[in-house]
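If you want the building blocks of each chain, they are given just below.
There are 2 protein chains.
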Amino acid sequence: MNKFQVIILGCGSAMPTTMHHPPSQLVDLNEKLFMIDCGEGTQLQMKKFKARMNKLHSIFISHLHGDHIFGLPGLLSTLSILGRSGDLHIYAHKEINFLINPFLTYMGKYMSYKIKLFPLNPERQELLFENKSIRISSFPLKHRIATNGFLFEEKESPRHIIREMIDFYQIPFIRIAEIKEGADFVTPNGTVIRNNILTLPGNPPRRYAYCSDTAYAPEIIPYIRNVDLLYHEASFAESELARAGETYHSTARQAAEIAGAANAKQLVIGHYSSRYNELEVILKEAVAVFPNTELAGEGKVFGL
Amino acid sequence: MNKFQVIILGCGSAMPTTMHHPPSQLVDLNEKLFMIDCGEGTQLQMKKFKARMNKLHSIFISHLHGDHIFGLPGLLSTLSILGRSGDLHIYAHKEINFLINPFLTYMGKYMSYKIKLFPLNPERQELLFENKSIRISSFPLKHRIATNGFLFEEKESPRHIIREMIDFYQIPFIRIAEIKEGADFVTPNGTVIRNNILTLPGNPPRRYAYCSDTAYAPEIIPYIRNVDLLYHEASFAESELARAGETYHSTARQAAEIAGAANAKQLVIGHYSSRYNELEVILKEAVAVFPNTELAGEGKVFGL
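If you read the protein sequences in the order shown, they are chains Z and X.
First residue of the first sequence? That's 900 in the numbering used here, and the numbers climb one at a time after it.
First residue of the second sequence? That's 900 in the numbering used here, and the numbers climb one at a time after it.
Read the hints as simulated data drawn from the structure, not as lab findings.
Intra- or inter-copy, both count: the list cannot distinguish identical chains.
Only pairs whose alpha carbons sit at most 30 angstroms apart, straight line, appear in this in silico DSS-like list of lysine-lysine:
(1) Lys949 / Lys1199
(2) Lys946 / Lys1008
(3) Lys1008 / Lys954
(4) Lys946 / Lys1183
(5) Lys1015 / Lys1031
(6) Lys1015 / Lys946
(7) Lys949 / Lys1031
(8) Lys1008 / Lys1041
(9) Lys993 / Lys1015
(10) Lys949 / Lys1015
(11) Lys902 / Lys1199
Build out the structure end to end from the sequences listed, making use of the hints.
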């Protein structure tokens, strides 16, 4: 089974604290790293948790609040010092030009690689990227400015061939790939052996959804239904419900309700307000509604 | 005696490591914090070392390489979240507009305070700021791009009045301030008591010089002669002398030679290349030439 995991680099919020870094995480799929958000210090967090810069595939920015983007100049710069040659694709709302264009104007001629910007659609779900193993799309969240969540969907994996059947029917090596993709096998004497006799279904495709920053928004449920892992912001405890509403953030209970209504397998919460030194209350409130909840933490890895 | 100390927030160089943060330091004079350089993560380092954001007076940027400026957007943003109201003066080469103007265009209407930029003169020494206790000037260094060092000079402090003389001549309280500033005292019967009988000299003014980034440049010595504390970059050990020359950086021995030739009282070295996990060799090479040398380190405080 392919590696598919989420590495938390930062799970704090706008105000820096000594406990949490601003938002950033890596989706590690088969040794390709997809970065979501890039708060100040993200490149240092990558170093700290030994995430290899040369595995960085592309960057997805949920929205243009400073705590989600101020790590970009440093990271982009370091990639150039390291001699990256492949284009770097950044998916973000089009106003990110305010940050990237001046940077490129200033650093441009020294850059070892090209940056390509792809604008996010803040209105509806849109496919951003796909290759043979993954499909990445964005969908709208509900925040003070245009904000998108991201959905990482593994593609259907090849069927598992049953070794005993290879031996029994003396299937030549050259046929294996097509059988894994669903083809039947025709024996030298013309007998057709149905694929479902030769193979077992592949691993069920796994799905990861990232929802931060967002107010409580049941309208996102169709996008994230049945995900294996849901990261949902939980900036506040229930005692700050009014504050959460005003600032378009969520409480832990609200995050858990979304996870439950979406039938997620597991919930990870983060984007903690700087007012919380202890996160027990946040976790407790979420677990009461959705038991399979974990707290995000810098350096924590969540496998799917 | 006024507090006058230098707090190291970061003393690494361009490539981030898990050991050193990019350059930034605070000159703490009488509870006013003057920041020199602002690499990525500086605001987090301030938090870590409990430097109070509301004491930040102004910012001095030596040059516009990323490792010296990428912490600015985050810091400027946080100051606004905290509700700073006083203008913030930033002294930097005029091309810093590339970074600050887009930031202000984007964040401007949400900012709680005004930023004022003052261009540095890369050609000659220039007074940047003075108040009753300090004079801050910039002077040219020798690097790949326009780069300035900074000199913090305490002003002459008031003379110390001799308590016994107050009693002896029954000097009224209202006369004390002028006597500390050098006035004589005239007794009720008209006798003039010379100031030098009533007072002792004030503390000798202290001076701090910051020289980073720079190649070995004896031409800076006139600017930093007799300083109490010299911070001089020492990116490399002597084995990398050629590399130091090519990149317009200094070796530890060269930093020590400058300190010696300038008759500095103490030398602090930093801006270590990321290739050094151990700094013993760097320190040893400097101490061999200038014994009163110390290594900079994150969180270290050097009093003058």
